[in-house]
Amino acid sequence: MDAAARDPALERSPRRATGRTAHVLADLLYVLTARDIKIKYKQSVMGLMWAILMPAIIVGAGMLVRVAMSKMSGAPLSPDSLASITVKALPWAFFISAVRFATNSLTSNASLVTKINCPRIAFPAAAVLSALFDLAVAIIPVVGILVWCGVPFGAALLWVPLLLALLVLLVSGLGFALAAANLFFRDVKYIVEVILTFAIFFTPVFYEADMLGEWRFWILLNPVAPLLEGLRSVVVLNETPEIGWLIYSSVFSVVVFVGGWRLFYTLEPAFADRV
Amino acid sequence: MSDVAIRFDHVSKRFALGERFDSLRDLVPSLARRVLGRPAEATRSGDFWALKDINFEVRKGEALGVVGHNGAGKSTMLKHLAGIMVPTKGRIEVDGRLSALIEVGAGFHPDLTGRENVFLNGVILGMTRGEVARKFDEIVEFSGLATFIDTPVKRYSSGMYARLGFSVAAHLDPDILVIDEVLSVGDFAFQGKSLQKMRSIAAGGATVLFVSHNLKAVSELCSRTVLMDAGAIADDGPTSEVLQSYLARERAKLREERQGHVRFRSVAMRNATGSTVRFKPGEKVWVDVTSHANEACKNVAVVVQVLDEQLGDVFNTSNERLGHPPIALEKGQSCSVTFELDLHLTNGTFHVGVYLYQYEVQREFDKILPAVTFFVESDVDVRGGANLYPKVVATKVTSV
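Chains as they are written, first to last, in this note's numbering: chain X, 159 to 433; chain V, 175 to 574.
Calculated directly from the structure, the hints in this document are not laboratory data.
From the three backbone atoms N, C-alpha and C, an ideal C-beta is built for every residue, glycine too.
It cannot be assumed that every hint is accurate.
[Said to hold, decoys possible] DSS-like, lysine-lysine: derived pairs with alpha carbons at most 25 Å apart:
1) LYS367(V) / LYS505(V)
2) LYS200(X) / LYS328(V)
3) LYS367(V) / LYS198(X)
4) LYS505(V) / LYS472(V)
5) LYS541(V) / LYS505(V)
6) LYS196(X) / LYS328(V)
[Unchecked claim] Using C-beta positions, here's what the derived DEER-type ranges look like:
7) ASP345(X) / PRO284(V): 24 to 30 Å
8) GLY558(V) / ARG178(X): 45 to 51 Å
9) GLU312(V) / ARG178(X): 19 to 25 Å
10) ALA190(V) / VAL409(X): 37 to 43 Å
11) PRO284(V) / GLY218(X): 33 to 39 Å
12) MET227(X) / LYS328(V): 22 to 28 Å
13) GLU312(V) / VAL409(X): 50 to 56 Å
14) ARG188(V) / ASP345(X): 22 to 28 Å
15) THR424(X) / LYS328(V): 34 to 40 Å
16) LYS328(V) / ARG178(X): 31 to 37 Å
17) ARG208(V) / ILE401(X): 45 to 51 Å
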C-alpha cells in the first residue's frame, strides 16, 4: 500500500506515563502556576490583598441582599447567614475566576502553543491551580469571620476536602473544554463571560436553596449548587451534606472532567493550526 | 536499533485558505441556513499545500542543514518535526529525545526576572526543575548575563533576551537538536559562541537539524544540506553542492531577462584542491567566466568584483584594466576568461560579481551579482574584509 495513502499518523514516542514524563508534567504545572501567581501579584500594587478583595466584594454584595431581604420579610438577620454567604462566596469566586482564566489560557499562551511542543493540558490546569491558590489565601480571613460568627467547628469539616475536590474537578473539566473551544470559536470567551455574570442568580450563593421552597429542586440541578450547599452544611451547620445531591454533583463533575479531558486531547493536534 | 534519528515519510501538510468559521456568531447562522436548505456561502477559497511529499532521513549524529528562501516551508517542516503540527498525510518517525528551538525565548514573560524565566523556559522546553537547577550556573555563565539575572527581562535589550533564550536551549542535552534561525540575533561575538556551542553539541553525538539563512554557518556546521522550495525538497546532498545549486537558483531568479548582445554563460570559482565554496585566507583561486555573443560585438571588457556580505565593494578589476585586450566576438561565438586571485581576505562571507562592459560608451551588456558566494575561514580572529595578516610583536605597559 502506498505510504501516502495511509492514515495521517505521527509516530514518535507517545505520551507514555513514564516516570520522566510525569515528572516533567508536574514540574511544568508548577512553573506555569507559579508564573501565573507571580504575575498576578507583581502587577498589582495590593499584592496578596487582591486574592481577598474579590471574595470580599461578593460577600459584601451578598450581605446587602440579605439585609434587604430581612427588612422585607421582617425576619432578623442571624450571624449564621453572614457565615453562609462567606462560606459560599469564596468557592464561587474561585469557580468564576478559574473558568474565566482557563478559557483564555491557550490564546494567552499562543506563542508557546505554536512554538514549543509541551503538554498543552498544563495551560488550563495551571490556570485552575493559580485560582486555587487565591482561594487558599482567602481562606485565612474567612476562618476569622467564621470564628467571629460563632460557628461550631465540628467533625463534619472532614467533608470539606471532598467537596472542594469535586469543585476543582468540575472547574478543570469545564476549563479544558472551554480553552480548546475558544481556539476554534473566538467568541466562546464572550459567551462564557455573559454566562458567568448571570450564573450567580441561578446558584445559591446569596441565598440558601431551602429558601426557594418548591423551586429548591430546580436550583440544585445546577451542579455547583449541591457543592456550595454542602459546604454550608458541613462548615456552618456541622451537618452531613445531602448524600443524594452530592452523588449527583460527583457524577456530573467526573463526567465533565473526563469529557473535557478527552475533548482537549481530541482537538489538540489541530491547536497549532488554529492559533 | 536502527541508526536513523529522523525519518520523514511522504509528509504533506494542507492549510485551508480563505475565510473559515472561527466564531460561533458565523457558524450558527450558516448551520441554520443549511438546515433550512439554503445554499451555504462558499467559505473555502482553496487549499494550500505548505509541505509536499517530504521524504528524507537523518542518521544519528548527523548535522543536517536546511536552507531555502522565506515561505519555502522550512519552519512548517520543523514544527512537524517538533510535534507542534500534525501532517495531513504521511508519517514522521523520531527516535530519541528531541528539543526544538523554533523561537529564541518563546515563553519568556517580561515581568519575570531572568532567573525566573530560565526556570520557566527550561521546564517548558522539557527539563525537570532539578535539571534546570543543576545547570543554572552554566546557563547564566554562557549567557554572560550574571549581573542582570535578577532583573525583569522586560528591561533587557533584544540581544540580551536572545542570549538568555539560546543559553537555556543550548543546555537541554537532547539526542536531537532542532534549531531555527537563531544566529540572526545577538551580537557578532555571541553568534560565534552559539555556533561553537552547536558544534560541540553535534560533536557530542547529538543529531542536529539546523535551519538558517546564514549560509556560512550552515556550511561550517553541516556536512549535508536539504534545500526547500515551495514546500518540497528541491535538493539534498553534500552542503557545498547544495549551497551552490541554491545560490544558482537565487541568481537565476534575480537575473533580469535582458537581451544584451553578449551574455554570461557561466561563472565558477575554484582553488587548487577543488573547493568551490570554502577557502582559506591567502589561498590562490581562479574565477572562470564564460560569455556568449548573441550579436557580433567588440571592445567588451570582463569586470570581476569581490563584495562583502553587505554587498560593499572590496575589490574590482577587469581584463582590460589589467592590460589585456577587450574581447571581440562574432555572432554565436563564446569566450572564456580566467582570473587568478590571491584571496587576502578575513573571516566572512563574500560574493563575486561579474559585468560585461564597454568602456568607451559606458554600456553594460550583462551583470550577475552575486555570481558566486563563498566563505573565507581564518584560524585567527580577523574581521573587516582585507586581511593584513597581523601579529602582535610587542606589548608595553608604562606608568607615568
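Next item on the list: Determine which of the earlier numbered hints do not hold for this structure and return their numbers in increasing order.
Entry: 1, 3, 12
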